[in-house]
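Residue numbers (my numbering), protein chains in the order written: chain U, 1 to 218; chain C, 1 to 133.
Just so you know, the hints here were simulated from the structure itself, not pulled from any lab data. It cannot be assumed that every hint is accurate.
As the list claims (entries may be wrong) - Using 25 Å as the maximum straight-line C-alpha spacing, the simulated SDA-like pairs for lysine to any residue come out as follows:
1) U:K176 - C:A101
2) U:K176 - C:M1
3) U:K19 - C:G72
4) U:K19 - U:A79
5) U:K142 - C:L30
6) U:K176 - C:V19
7) U:K176 - C:W100
8) U:K142 - C:L14
9) U:K142 - C:A3
10) U:K142 - C:M1
11) U:K142 - C:F9
12) U:K142 - C:W100
13) U:K19 - U:S49
14) U:K142 - C:A101
15) U:K85 - U:Y51
16) U:K85 - U:E204
17) U:K142 - C:S24
18) U:K142 - C:L15
19) U:K176 - C:M16
What the hints assert, rightly or not - Chain U side only, calculated, beta carbon under 8 Å to chain C, not exhaustive:
20) T148
21) V150
22) A169
23) N172
24) P175
25) L200
26) L208
The beta carbon of each residue, even a glycine, is placed where N, CA and C say it ideally should be.
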Amino acid sequence: MGAGVCFVASAIRRSSFLKYFFLNLYVILSLCADLLRQFVLRFYGLDSSEYSYAYYYTDCLLTVALFVAVISLASRVFAELNLGKHVRTVAVLLLLGTAGFSYAVVAQSAHRLVTMFAFELSQNLYFVGLVLTYLLWGAVLKLQETRTRVVQMVLSLGLYFSAYAGSFALANLAPKYVFVQYLGPILGCFLPISWSLTLLRHSEDSRLTPARLVAVPR
Amino acid sequence: MMAAFILAFSLLTLLMFFVSYCRSLTASSLHTSITEDVRDVTGIQVRAAGRDYARVMQILQLCPDRPEDRSGLQIVAAYYSFLNLLDQGFAKIFPAVRPWAEEERAGCAHFAAVALGRRIALNREMLAQQVEL
Chain U
1 MGAGVCFVAS AIRRSSFLKY FFLNLYVILS LCADLLRQFV LRFYGLDSSE
51 YSYAYYYTDC LLTVALFVAV ISLASRVFAE LNLGKHVRTV AVLLLLGTAG
101 FSYAVVAQSA HRLVTMFAFE LSQNLYFVGL VLTYLLWGAV LKLQETRTRV
151 VQMVLSLGLY FSAYAGSFAL ANLAPKYVFV QYLGPILGCF LPISWSLTLL
201 RHSEDSRLTP ARLVAVPR
Chain C
1 MMAAFILAFS LLTLLMFFVS YCRSLTASSL HTSITEDVRD VTGIQVRAAG
51 RDYARVMQIL QLCPDRPEDR SGLQIVAAYY SFLNLLDQGF AKIFPAVRPW
101 AEEERAGCAH FAAVALGRRI ALNREMLAQQ VEL
């Protein structure tokens, strides 16, 4: 929670709150979700259906917010080619398509349809976000993006999505190890910490050499 | 089987993003040249080499800390250790990796040297303030 507050505070301090509004929105929503989950957990307990609803609905909301954050970075990267508007249109279509697909998957189970839909949408949209981040990184390299902040924010997203996917896979492969359960919450702090460091370390005008970004130079 | 594939793929992409992130950090210091003070204390002649990193880090620890440099230096230190590991293990099988790893370590040393320059400047400033008092 501290990491989220730190990011929003750094964004305000560096006058970048509106510039990175959707990133801030995601972090603020995740703070609110944490508070709500804590509240429900304290009053209803871990095994209650109230906690399950609160957990899955907030998770779905956060995944949508993260998807929007990825799109906001994509439209920044493509803005110089005047493709920002097209990126947003594609994003809306992707979101609607994913929602439609998720609905089609859960439509058969009339029992707890809304909760199942929230869970399915969250999972599918997370996967779409992951693929989009990889594509966005490809675009950053191809378009030779030089803005340090944008580059590091996209890289942070890539690190986060890769680590999260890895932690899910590890949880499936080795469920008996306790440390695996803590990976998710630890990774949750990564994005706001990494984004705040980027905001504090670099100014909006800071630029870097695009050739230095490729992991293995060609 | 599927989980193992996802784990392998995500570890690979994690590594790729980690290297790129560290390169973006070291790249941000490339525009700044190493100051004369740093050249004097570290013995770096024209440009920093990978082997200079350890010496620069030792001197860095003697200077007053700048909190804004701390996280970047920690990440670059992790990257440097990773490169050493790569050089000692992977490079024995694929020798072509060695020049690349050395170039990267030189970037780490340059990053640390630039941070050292900032710390020396801060040290000078503090000394000047004390003299004024």
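Legend entry - Hinted pair U:K19 and U:A79, Cα distance within 25 Å: 14 Å, holds
Inset, instruction - Return the status of the interface hint for U:N172: holds when the least beta-carbon distance to chain C is below 8 Å, violated otherwise. - result: Interface hint status for U:N172: holds (4 Å vs cutoff 8 Å).
Inset, instruction - Compare the distance between the alpha carbons of U:K142 and C:S24 with 25 Å, and conclude whether the hinted pair is satisfied. - result: Status holds; Cα separation ~16 Å.
Inset, instruction - For the pair we were handed, U:K142 and C:A101, check the Cα-Cα distance against 25 Å. - result: Distance of about 24 Å is within 25 Å: holds.
Inset, instruction - With a cut-off of 25 Å on the C-alpha distance, tell me whether U:K176 and C:M16 pass. - result: 29 Å, violated
Inset, instruction - Please verify that hint: U:T148, Cβ, nearest Cβ of chain C, below 8 Å or not. - result: 6 Å, holds
Inset, instruction - Tell me if U:P175 is really an interface residue toward chain C, meaning its C-beta lies closer than 8 Å to one of theirs. - result: 10 Å, violated
Inset, instruction - Identify whether the interface hint at U:L208 stands, where standing means a beta carbon of chain C within less than 8 Å of its own. - result: Interface hint status for U:L208: holds (4 Å vs cutoff 8 Å).
Inset, instruction - Below or equal to 25 Å on CA atoms is what counts here, so check U:K142 against C:F9. - result: 22 Å, holds
Legend entry - Pair hint U:K142 and C:M1, alpha-carbon separation not exceeding 25 Å: With a Cα-Cα distance of about 33 Å, the restraint between U:K142 and C:M1 is violated, given a limit of 25 Å.
Inset, instruction - Take the C-alpha atoms of U:K85 and U:E204, compute the straight-line distance between them, and say whether it is at most 25 Å. - result: It holds: about 22 Å lies between the C-alpha atoms, which stays within 25 Å.
Inset, instruction - Assess, step by step, whether the Cα of U:K142 is no farther than 25 Å from the Cα of C:A3, and give holds or violated. - result: 31 Å, violated
Hint violations for this structure: numbers 1, 6, 7, 9, 10, 13, 15, 19, 21 and 24, all remaining hints satisfied.
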